[in-house]
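Line by line, the protein sequences are chains A and B.
With positions in the first sequence counted from 1, the corresponding number in our numbering is that position plus 4.
With positions in the second sequence counted from 1, the corresponding number in our numbering is that position plus 1081.
Hints may contain errors.
As the list claims (entries may be wrong) - Simulated crosslink set (PhoX-like; lysine-lysine; CA at most 25 Å straight-line):
hint : chain 1 : residue 1 : chain 2 : residue 2
1    : B       : Lys-1478  : A       : Lys-33
2    : A       : Lys-155   : A       : Lys-104
3    : B       : Lys-1323  : A       : Lys-238
4    : A       : Lys-198   : A       : Lys-122
Unchecked claim - Some chain A residues close to chain B (C-beta under 10 Å, calculated; not the full set):
hint : residue
5    : Arg-30
6    : Ile-220
7    : Asn-262
8    : Ile-263
If you're looking for bench data, these hints aren't it; they were derived computationally from the structure.
Note that the structure is predicted; figures quoted are calculated from it, not measured.
Glycine is no exception: its CB is placed at the ideal position from the N, C-alpha and C atoms.
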Amino acid sequence: MYRIVLKETLATAVVKMTVEAPYVARKAKAGQFIILRVHENSERIPLTIADYNREDGLITIIYQVVGKATMDLNNLEEGDFIHDFVGPLGKPSEIEHLKKAIVVGGGVGCAIAYPVVKALAEQNTEVFSVVGFRNKDLVILEEEFASHSDKMVLMSDDGSYGTKGFVTTGLETLLEEHKDIDCVFAIGPIIMMKNVSAVTKKYGVKTVVSMNSIMIDGTGMCGGCRLTVGGETKFACVDGPEFDGHLVDFDEAQSRNNIFKNQPVHNLEEDKDCRLLKEIENVK
Amino acid sequence: MSNNIQRTHMKLKDPRERITNFQEVALGYTLEEAKLEASRCLECKNKPCVAGCPVGIDIPKFIHEIKASDIDKAFEALSEYTSLPAICGRVCPQETQCEALCVRGIKGEPVAIGALERFVADNHNNVLEVVPQESKGIKTAIIGSGPAGLSCAGTLAKLGYDVTIFEALHDTGGVLRYGIPEFRLPKEIVDREVNALKTLGVKIEKNVVIGRSLDLKDLEDDGFKAIFIGTGAGLPRFMNIKGENLLGVYSANEFLTRVNLMKAYEAKSDTPLYLGRNVAVVGGGNVAMDAARSAKRLGVENVYLIYRRSEEEMPARREEVEHAKEEAIEFKFLCNPLEIIGNEQQYVSGIKCIQMELGEPDANGRRRPHEVEGSEHLIEVDNVIMSIGTLANPLIKTLGIDINNRGLIETNESGRTSNMAVYAGGDAVSGAATVINAMGAGKQCAYEIHKDFMSKREL
Ligand SMILES: Cc1cc2nc3c(=O)[nH]c(=O)nc-3n(C[C@H](O)[C@H](O)[C@H](O)COP(=O)(O)OP(=O)(O)OC[C@H]3O[C@@H](n4cnc5c(N)ncnc54)[C@H](O)[C@@H]3O)c2cc1C
Ligand SMILES: Cc1cc2nc3c(=O)[nH]c(=O)nc-3n(C[C@H](O)[C@H](O)[C@H](O)COP(=O)(O)OP(=O)(O)OC[C@H]3O[C@@H](n4cnc5c(N)ncnc54)[C@H](O)[C@@H]3O)c2cc1C
Ligand code: SF4
Ligand code: SF4
Ligand code: FES
Ligand SMILES: [Mg+2]
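For reference, chain A alone in the conformation it holds in the complex:
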């Protein structure tokens, strides 16, 4: 059992939790994730390691409430326990050699992008961030990005905060200004990563995307997380989650993520907490 030591709401239905998980904290690196199971009968779901503290054995996750598992997680409070919590899983981001990079984060994907920015900053890579949100209420980690980036561009779809427009607009401006970018990291909704990859392809800049395939074990045993990269089958949990954005079959990945969407998997009507989900639907 893994104790929650801190819980903090960052934006509507976006919550940060810090959890005691010494085995994970010992080895965690940017780009890796954990898999947790809230209760004995819960699903296993993956969440990125947003931050870690090796000395105290603590791991921070940031999740968006989108369905049953994340809602159950959100019903736990400080001092409560998460049933299972395993990691770090996946390969760490490959960043050592980079001199100048851009990190693009979209929505809750910023939680996944932030540790990459932080790690880049800590090794003195010159790093620009482009973060995008649907609207002002959904902005998260603004200060964190700002303080670790040489420059941060904040975009919102509706113009309610920062610059109006999609992240690709902010990214293109940066790519025009800086012709010596070694790598672009794009982390967010699949459609965003697809569009970012299309832009960077034009500029011939290497692009790394983080794929959020549906996972169970996270050890390469089930094959559920498979995706097509450069015509080959890869397993996101062991070969990724980061892949070359110019090679990923995003349309297939998008479709595979929807497998359970049209299925009567769990009955939200019966759930007393569906109020929160409705709230999120409204925000969307």
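Knowing the structure of chain A, use the given hints to seat chain B with the ligands on it.
Structure of chain B with the ligands alone, referenced to chain A:
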């Protein structure tokens, strides 16, 4: 005379009832049945059957004790060679191992050795007074809690070592838990074995992935003097045909993990499983049978089992095939998938197959199947479960020990890897094999580890 007695088969649940639930199919012997079956054993002097058992159980000896109604003694006889008799009695491919060499099989049916083993394991009253040897204060680590890891842990603990098992998943047992379904191997039995280890003082750390959470160096730093790796096979194979990433195509591992480990068949489980009315399972091994029979129990109307050779070549256990047939699994032999077809929403709608025929035997005497021209046909299905084997566990590569070109761990005959302090066994070394082989390897490595320490002490 015992020569005239026919083999007693275990009673089975009615197929119509059993496809409605996940309860165990074979019911096990009563004492009378067990004694009757035991009476068929001739207690052959040269014990041909023993040569067929990978761990060399003294079969006539344990059967002799059943004849004498001393089930506890029979259990002791078994325990000398196996630590998982309740499991192996159920899932061993007995018909190709011990029973294949039983002399009673020459002119009739062999003695039901597996069923008798199961009977003893289920019915003894031995509260095994395991007095572990005095603690040696030597820390040993076991990676993976499948049959290889469990038996290595048990053996080391009994020898007085301080044992910790590290398991990647949230539950123990490996394939015994996530692969083999409840209706063939009740999880209660796996729990019993694991609890017995805990009684012996074995510590179990779940949710720790070696190669990610910890590596071998960390274990050494933490004071572990010997390490056993039993991480299993893992990585599922696919056919690399068109449509394999459509929605509703699962590997058998994914499907069975959702069903068994995550208990998707129970209402209280949150793990989703999308299954339509018609399901194709591709493959012909035990795993394919388990997938097909599980699908049936989850309410699928038509389960097709697609296998590219003929029934004779099918590697699955005879018993499983018979049970599958009774449960109305529809076998499509000599049938090979060419492509999986999807609908506009990218869900599976069918599987295109071609009919095969067997050619002349090749150098190995195996008749290779050829496609029959113009025999392409479509089977309408909502799901396809790929059950065509596994490849090596991909995390093994990161451990820094030698692996072969199949990705399996290299060991010498005593199970030692390229790292002096590290042993390995089970599917991680042999590739997908059997429970009894994994168990045997785990045990052997435990004795080798013990030998290492004993010889060090003598220096
Ligand atoms: C490597 C990785 C890192 C991730 N990091 C984060 C993160 O830091 N913060 C965050 O909010 N989300 C993250 N996710 C997504 C998160 O796992 C899903 O939002 C969560 O599983 C939803 O579960 P649910 O039951 O609440 O929602 P559901 O209603 O069950 O599903 C909503 C959507 O979540 C996805 N999903 C559902 N089950 C799984 C599963 N078992 N594995 C993966 N995706 C699933 C599907 O796209 C689905 O359509 C990550 C996913 C991956 C693969
Ligand atoms: C569906 C199915 C049906 C089968 N039916 C039969 C049968 O009827 N009869 C028979 O004899 N055999 C059968 N087998 C084969 C048999 O189950 C295996 O040969 C046997 O389980 C191998 O044992 P093992 O201990 O080597 O590995 P596994 O049982 O695979 O256990 C390995 C364990 O290691 C864990 N692990 C993996 N990587 C790591 C890591 N990096 N860190 C920590 N832990 C890790 C895994 O999670 C797992 O728990 C079947 C297999 C399957 C899949
Ligand atoms: S362990 Fe398996 S092979 Fe050995 S005697 Fe028992 S059933 Fe036969
Ligand atoms: S070969 Fe058959 S009859 Fe002979 S000892 Fe073995 S089990 Fe008994
Ligand atoms: S999650 Fe099972 S193989 Fe990746
Ligand atoms: Mg869910």
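Structure-based check of each hint:
At most 25 Å may separate the alpha-carbon atoms for a hinted pair to count; Lys-1478 of chain B and Lys-33 of chain A meet this at roughly 19 Å. For the proposed pair Lys-155 of chain A and Lys-104 of chain A, the alpha carbon gap of about 12 Å is at most 25 Å, so the pair holds. With a C-alpha separation of about 15 Å, the suggested pairing of Lys-1323 of chain B with Lys-238 of chain A holds against the 25 Å cut-off. Our distance criterion of 25 Å between C-alpha atoms is met by Lys-198 of chain A and Lys-122 of chain A, whose separation comes to about 24 Å.
Given hint, Arg-30 of chain A at the interface with chain B, holds; its Cβ is 7 Å from that chain's nearest Cβ, closer than 10 Å. The closest approach between the C-beta of Ile-220 of chain A and any C-beta of chain B is roughly 6 Å, which is under the 10 Å cut-off, so the hint is satisfied. At a threshold of 10 Å, the smallest CB-CB gap from Asn-262 of chain A to chain B is about 7 Å, leaving the interface hint in force. For the restraint placing Ile-263 of chain A at the interface with chain B, the shortest Cβ-Cβ distance is roughly 4 Å, inside the 10 Å limit, so the hint holds.
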